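> If you read the sequences in order, they're chains A and B. For the first sequence, this note's numbering begins at 1 and goes up steadily by one. For the second sequence, this note's numbering begins at 1001 and goes up steadily by one.
In short, the hints are calculated from the structure, not lab data. Values in this document were obtained by computation on a predicted structure and should not be read as measured data. Check the hints yourself; a few may be wrong.
[As the list claims (entries may be wrong)] For the chain B half of the interface with chain A, some residues (derived, Cβ under 8 Å), not all of them:
id: 1; residue: G1211
id: 2; residue: G1214
id: 3; residue: I1295
id: 4; residue: P1296
[As the list claims (entries may be wrong)] Facing chain B, from chain A, some residues (calculated, C-beta under 10 Å):
id: 5; residue: M37
id: 6; residue: L39
id: 7; residue: Y43
id: 8; residue: G44
id: 9; residue: F45
id: 10; residue: W265
id: 11; residue: P296
A virtual CB, placed ideally from N, CA and C, is assigned to each residue, including glycine.
Number of protein chains: 2
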Amino acid sequence: MTDMKNDLILRTLRGEAVERTPVWMMRQAGRYLPEYMVLRQKYGFFERCQTPALAAEITIQPVDIVGVDAAILFSDILVIPQAMGLEVQMVESRGPLLPEPIKTEADFNRIRVPDTDETLGYVFDAIKLIKQELNGRVPLIGFAGAPWTILCYMVQGKGSKTFDEAKIFCYTQPALAHKLLQMITDTTIAYLKGQVKAGADVIQIFDSWGGLLGPEDFENISLRYIRQIVEALKDEALTIIFAKGAWHSLESMAATGAHGLGIDWCIKPQLARQFAGNNVTLQGNFDPAKLLSPIPVIKAEVKNMLKAFGPGRHIANLGHGILPNVPVDHARAFVDAVKEA
Amino acid sequence: MTDMKNDLILRTLRGEAVERTPVWMMRQAGRYLPEYMVLRQKYGFFERCQTPALAAEITIQPVDIVGVDAAILFSDILVIPQAMGLEVQMVESRGPLLPEPIKTEADFNRIRVPDTDETLGYVFDAIKLIKQELNGRVPLIGFAGAPWTILCYMVQGKGSKTFDEAKIFCYTQPALAHKLLQMITDTTIAYLKGQVKAGADVIQIFDSWGGLLGPEDFENISLRYIRQIVEALKDEALTIIFAKGAWHSLESMAATGAHGLGIDWCIKPQLARQFAGNNVTLQGNFDPAKLLSPIPVIKAEVKNMLKAFGPGRHIANLGHGILPNVPVDHARAFVDAVKEA
C-alpha cells in the first residue's frame, strides 16, 4: 500500500503491530539545531515558511541529524489568521504580534474564509518538495492550530499566560466567538485537506491553549470545532489531537475518531490510557526540561516512560516543544533511548 | 471557643456543619477595587506591604466592599526571598524582578535562613493591627508561597510561562535544589508560625507553579516540602494547600493532613472530590475570566458550581486570582450568589 521505508508511526496510529515504539519531537525542526540557526540568521521567519526550498531543508534537518521516525512540516499555526486577512508579525525571541486583533463585530469586515490554494499554496508546494526529498524515508506530519488556539491569538493579539481577553471575548460575545471559530474551522479544514492532497501522511491539530478552558468550555469552545476537523479528514489522513493540559477530556477526544492523542508530562501514562480507552494511540510525554539532564539520566527516564506506556499504541515524544538550549547530543540520546529499548 | 462573629470558613475547614457555603476570592484585596487603586497611586508596592496601617486597610477593604467571609493578608509571596537576602523589585504591571537570581553554589553565600522576627516583623505587626480592626467580624487568612514556587522566582529571576530555568536547575543540580528548597521551607515555617502567633486563623500555601511539574517531580520537588510546612503548623492553625494545576496529586495532598485543598476550574468538582476523598474541604473553582460575564450569567454559573460541589466541606472561591478589570458589582454578584444559594 505504501512505499514508505519507515512506516512505524503510520502503523502505530492505525493500531497495527510494530517492532518498536516510534519517536519524534515537537519543534524538532527548530532552534536547538545549529544547522537551523544558520538559516534563521539569513532569512526572516515568514521567508523561511514561504520559500518551499527553505521549509523543506528545515523540515528534513532533524531526520538527518537526530534520526526521528517522522518529519513535521516547518511552518506556523498563525499562517491561518494571516490567510484570513490579519497582519501577523513574528518578532524573533519575543513571539507573535497581531497589531490589529479582532474585538468587535466590525472587525469581521477585515477577515474572510480565504481560498487556501491562493493564500496558502506555498505550504502545499513545500509539502510536495519535502515528500520528493524525503523519498519515503519517513512519513510527513502536517499540522494546524485548533480553532480555539487560533482565536486566542486573533483576539488577544499576542502571546499570554492566561489569554484572558480571548476568554472574555468568548464569555461576553458568544455569538461572535462562535462565528469566528466556525470561520477558522472552515479555513482549517480546507487548509488541511490541501496538506493531505499535497502529500502529508498524518495531520496533528495543536490546541496549545486548550488547557486554559474548564471541561465544559473546552467542549463548547474548542473540541466541538476540532471534531469537525477530524471528521472532515478521517477518510483521507491519520489524525492526532494534542490539546495541552486538557487531560480531563481525553475520553471525548478519543471519541472523535482521531487516531492519536498527545499528552503532556503532567498526567501519568497509565491514567491517560484509562481516560482515553484502548482504541487510540497515545503520544508523549517526556518533560522537555528534562532533556537538559545528563545523558544517563535521560536514558533512564526514557526507559521509565516507555515502561509506563507499555508496548503498542504509543508514539514517544516530548510533552511540549523541545527547548532551544538543548544540546543536540541530548536530543539524539532521547531518540536513541527509544530506539534501543 | 472563639468570639468570631462569622466563623463559617473555620467550621467548614474543620468539617463541621454550616448554614451556608462560605466565600472569599483570591486577590480580593487588589486592583479591581478603586479604593485599592487610590493607595496604589500613592505608595510603592513594598511600602504598602511594610506599612502595617496600609496593609491593614487594604486587607479589610473587600470585607467592607464585597462582603467576603474572610480577609486575606495583603502581602506577597516574595517577601520570603527578600528576607533570605535576595533583592526583589516589584515592577508595577510587569511583575517581579530578582536581578541577581540563584544559579550556582557560590550564590548561596548571598542567602540565609533569616530571623523572621527581625526581617518580617512588619507582617506580624500588620496581622496584629488587622485582627484588632476586624474585631472578630471574619477570620484572617495568612499565607506563604510553596517552596517550589519560591524557588522558581529565586532561580528564574522573573515571571515565566514555563519556568524552564528553575526546572533545569532542579534536574541538573538536584543537591543544590534540595538545599535551597529546605532553606526556603525552614524560613517559611518560622514565618507562618509567626503569622499564626500574631493572629492569623488560617494559613494558605500557594503553589502557583506546582502544575508545571509532572506527578513524580511534584512529590519530590514540591509536596515533600509543603508536607513539612503543614505538619509544623497542624496543631496551631487550619491550613489550605492550593497547588494550581496539580490535580493529579489531590490524593497525596489530602494525605498531608491539610484541612483544605484549592482547585482550579479545569477539574470538575465531583472528580476532585473523588481524588481528594471525603476528609478534606475543597476550595474553588470559578473561572476568573467568567466574572466578566453579565451578572445573570455569573449568578447562574455560581449555582451550577455550588450544585457540583454539593453541600458541606466547600469554600466558594475563584480558581485563580480575580482579574484587575472585573467591575466591583460583578465581584459582589459572585459573593452574593453564593450567600443567596
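> Now, for every hint given, state plainly whether the structure supports it.
Results for each hint:
1. G1211: holds, 7 Å
2. G1214: With a closest approach of 4 Å, the G1214(B) hint holds.
3. I1295: violated, 12 Å
4. P1296: violated, 13 Å
5. M37: Status violated, d = 19 Å.
6. L39: violated, 24 Å
7. Y43: violated, 26 Å
8. G44: violated, 24 Å
9. F45: violated, 20 Å
10. W265: Hint on W265(A): holds, closest Cβ of chain B at ~4 Å, below 10 Å.
11. P296: violated, 13 Å
The structure fails to meet hints 3, 4, 5, 6, 7, 8, 9, 11 from the earlier list, while all remaining hints are met.
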